[in-house]
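Chains as they are written, first to last, in the numbering used here: chain P, 1 to 372; chain B, 373 to 897.
Hint data in this document are derived by calculation from the structure and do not stem from the laboratory.
A portion of the hints provided could be inaccurate.
[To be verified] Here are some of the chain B residues that sit facing chain P, going by a computed Cβ distance under 7 Å:
hint	residue
1	W643
2	N644
3	S646
Fair warning: this is a prediction, and the values are worked out from it, not measured in the lab.
For every residue, glycine included, the Cβ atom is placed at its ideal position computed from N, Cα and C.
So the chains spell out like this:
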Amino acid sequence: MLLRLSGSLREALGTRRRQAVDEWFPGGNGAEAEHLFLRATALFRTGDGETAMRLLRQAIEMAPAFSDAIEAEGEALDMSGDTAAASAKYEQARRLRQAGRPGAPDRHFVLRQQGAHTAEIVAYTRVLKSLKKFALPHLARGNAYLADRQPDLALADYERTLKLHPNSLDALALKGEALSAMGKYGPALEALDKVIAARPKDPEALNARGIAHMALGHVEQANGDWRQQFALLGGRPAASAYVAMRLADHEGALPHLETMVRNDRRDPYWTLYLRSALLRLGRPLPADSIVDDNSWASSLLALQSGKASESEVMARADSAARRAEALFQLGVAAHARDRSAAGSYWQQVVDIGLPSLVEYAAARNELARSAS
Amino acid sequence: MFSVIIYGRNDTHGYNLHKRAAISFNALAEVMSDPDDEILFVDYNTPDDHPTFPEAIHDTLTEKAKKVLRILRIRPEQHAHLKSKTHLVALEAQSRNVALRRSNPRNRWVLYTNTDMLLVSRTEGESLSDILGSIPDGFYQIPRFELPEMLWEAAFDRRDPAGNLAKLRDWSVRYHLNQVVHNFMPMKYDALGDFQAALREDMFAIHGFDESMLLGWHCDSNLAARLALYRGRVDTLIDKVFGYHCDHTRVAAANNKGRQTRMNDQDQYIWNVSTPYVPEQAENWGWPDVEIEEVRLDRETSYQRFTAGLDAALKPATVPYTSTSLEWFLYDDLTYDIDHTLPFVADQMLTYPRSTSVMIVGTRGEFVERFLTAWRAMGFTGPVLVPNECEGLPSDLEGEERGAFEDLLPRAEMFIFEFGLATQHADEPVRIGRQAGPLDTKRLKVVAKLFRQATSTEAETRPPGRRTPRRFVGVNVIYNRFWPLFTDYVGANINPFCSQVLAGLPRVDPSLRGKVLRFRGRRAL
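Input sequences plus hints: build the corresponding full structure.
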């Protein structure tokens with residue numbers, strides 16, 4: 001209760017207490033659940049497995065997708081001899097970690113990760129208690145915060161790294177990413193400019209700067225960065241496909257998308273994007289590409305093939321990102337018959353979507369192209 | 373599904389290496405079930421005249437292990453450019469990267485482990501291929517459990533991996549072997565290098581192991597730090613596999629000098645790692661442009677090549693045995709039996725690269741002819757160089773190249789000096805007190821002169837770019853008047869007379885006598 005109150009007071013005042021180097025802050029699974037996790041893991045180490053398991057179960061009840069707590073419960077069950085139940089918990093944790101959509105493959109490696117990283121944050125905070133002056137624990141924890149969608153905490157770790165290692169371009173690039181994630185595109189550009197001046201062939205920094213430029217409406221600069229990135233990727237199909245899609249270069253994206261559809265059958269977005277590119281190029285669609293499940297990507301594929309209506313899919317879009325994805329596909333579908341309708345959908349993508357979304361960049365480029 | 377990457381050399385790294393390695397190779401093969409699975413063993417810097425480590429213990433390996441094992445041989449010459457930068461004779465990062473570059477591209481996973489590990493799936497009957505096929509992308513480690521030396525040494529049967537794994541299941545409970553040793557993140561567990569499973573694609577993306585780590589130790593922790601950054605998470609497979617390490621602390625390994633052990637800087641390679649990538653080696657990690665020999669134990673083995681060579685060059689004996697003698701009065705008799713000697717000459721060649729070019733300086737045409745037949749049949753592709761100065765030798769043999777000695781010298785990668793009698797016939801009795809005639813003496817003088825010159829100038833006449841000394845094989849140089857000559861210039865062992873053959877590298881004798889000998893040799897005096 002005290003925790004809840006102090007948290008809401010801080011939120012009400014709009015301030016966040018300055019974080020000490022080795023201080024831990026809860027993240028994506030919620031403060032209460034993560035505190036329980038922390039206590040449970042400490043108790044487990046002291047040999048009180050029973051209480052630990054009870055606390056972990058409470059935490060999981062509060063945050064059912066808390067994979068680290070589920071895995072910790074698995075470990076506790078395993079050590080108590082219940083191997084079968086332990087195994088089920090480990091599997092459940094793995095499934096949960098796989099459930100979300102991974103980050104875009106053309107982005108910085110940190111942003112390709114997904115979900116809460118509570119265990120990592122806790123573990124690196126523990127390392128920082130004894131190793132405060134080294135880059136790795138700061139960066140690793142910062143990355144975990146960034147993946148956990150807490151860019152302000154990530155930024156604090158990156159800045160501490162830069163204090164210790166002022167010349168670290170890796171920390172500076174991550175600082176740029178954190179700033180960008182906080183919507184501070186101007187300062188992000190400043191950081192990324194420095195990184196690219198020193199490392200002009202850094203594809204991930206170029207990608208990040210492209211996103212910051214695009215967010216600020218600098219379409220040409222953004223495209224310039226992405227074209228450079230594309231050239232540096234050496235044909236790596238996943239990243240190349242995404243960069244080409246950001247550029248709305250459907251012809252360029254096509255061979256890479258075809259490769260990815262062949263190589264990675266687990267991710268239905270490859271099929272979705274391949275079909276989008278074919279539609280935009282006015283080419284026939286392959287027949288066997290519909291995934292028949294209840295996933296969000298299936299809804300988009302159904303929308304693309306006319307098996308689901310706009311209203312049905314928009315009703316399922318439960319986040320700004322999903323709404324932007326759906327609107328982008330509506331634009332693609334409309335383009336051949338009604339360019340102005342397509343433009344209106346794409347404008348909505350730009351209005352509501354995050355600049356890091358591939359659909360955001362593609363929509364902006366489509367709009368810029370139709371305006372010229 | 374996965375490529376296991378391990379490394380080593382044909383030496384004695386720690387206690388009873390041969391047994392623990394055989395146990396491990398067989399056990400690793402035992403948990404493979406996908407047709408694409410492979411064990412890549414990088415044999416790093418084994419001396420050229422030795423077989424690779426797995427070849428040396430091949431008879432203790434199971435058929436399955438031989439089938440999945442690919443041996444990538446890195447020669448001393450390929451290590452020579454790093455020799456001055458390290459005290460170690462085998463380099464982990466280079467070895468593992470050479471294997472990664474050449475691993476089966478169809479495999480999703482790469483498993484880094486060592487030649488003393490046994491992996492036991494917790495669900496009996498489940499293979500590691502099944503396990504790795506069922507888990508999401510990530511970077512996985514498991515804790516390492518120690519196995520007392522007595523248990524693996526006394527109770528394991530090298531060629532019964534299934535039985536050994538069953539014993540482990542039993543012992544782990546009876547003897548409380550399973551203790552997880554946690555470690556700081558990103559290492560997660562102690563002794564993490566014995567099981568690091570990463571996506572092959574991720575390993576390529578981060579440029580493999582950091583090849584600037586030349587002093588030993590912490591390569592695994594560096595990889596963990598970099599993959600932890602890249603993947604964001606260090607996952608465990610403790611629910612699926614247990615890993616057991618054959619403890620070998622009775623004798624310290626070469627890279628373990630207690631507190632005096634030199635090692636890679638922990639701060640630099642673990643705690644100050646700030647990126648998963650190693651951009652300095654982005655283009656050249658794993659030596660992509662270097663030709664690395666691949667050796668198999670299930671096909672074209674050394675034994676098969678050896679017998680193919682000899683079968684092509686020799687007819688079976690028609691008598692139960694032949695005889696010769698060491699008696700002192702035969703010291704000047706240079707007759708010898710080619711049929712008997714050729715197997716020992718061929719034996720000196722087999723461990724060398726197939727592309728080796730060999731120079732033969734000799735007197736007996738029949739020796740050159742028979743050797744060349746065996747050479748080709750053993751699968752060697754390099755030329756056999758014969759100097760024009762050697763008169764009376766055949767010059768029209770397939771694969772033979774004639775030329776001036778001076779011109780051939782920088783092309784030769786190995787030398788054979790044969791000291792026989794040019795006038796000896798094939799059916800002549802051996803060592804019965806025959807003296808050399810004028811023609812024999814004339815030809816032998818040429819061979820001796822070229823021998824002195826070749827050994828004395830070996831360092832400056834090497835093929836361009838070559839750093840390591842070339843090997844000299846002496847035929848018919850034991851217990852006769854050419855024995856002192858050969859051993860004055862070549863550091864050869866004392867071999868039994870029966871083999872007729874000595875071999876070694878040029879001697880660098882710093883004494884006045886050695887200097888005089890080299891001076892004479894260089895000036896062909």
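For each hint, the structure was consulted:
Because the closest C-beta pair between W643/B and chain P is about 4 Å apart, less than 7 Å, the hint holds. Checking N644/B against chain P: minimum C-beta separation of about 5 Å stays under 7 Å; hint holds. Restraint check, S646/B versus chain P: the minimum CB separation of about 4 Å is within 7 Å; hint holds.
When the structure is compared with the earlier hints, no violation turns up for any of them.
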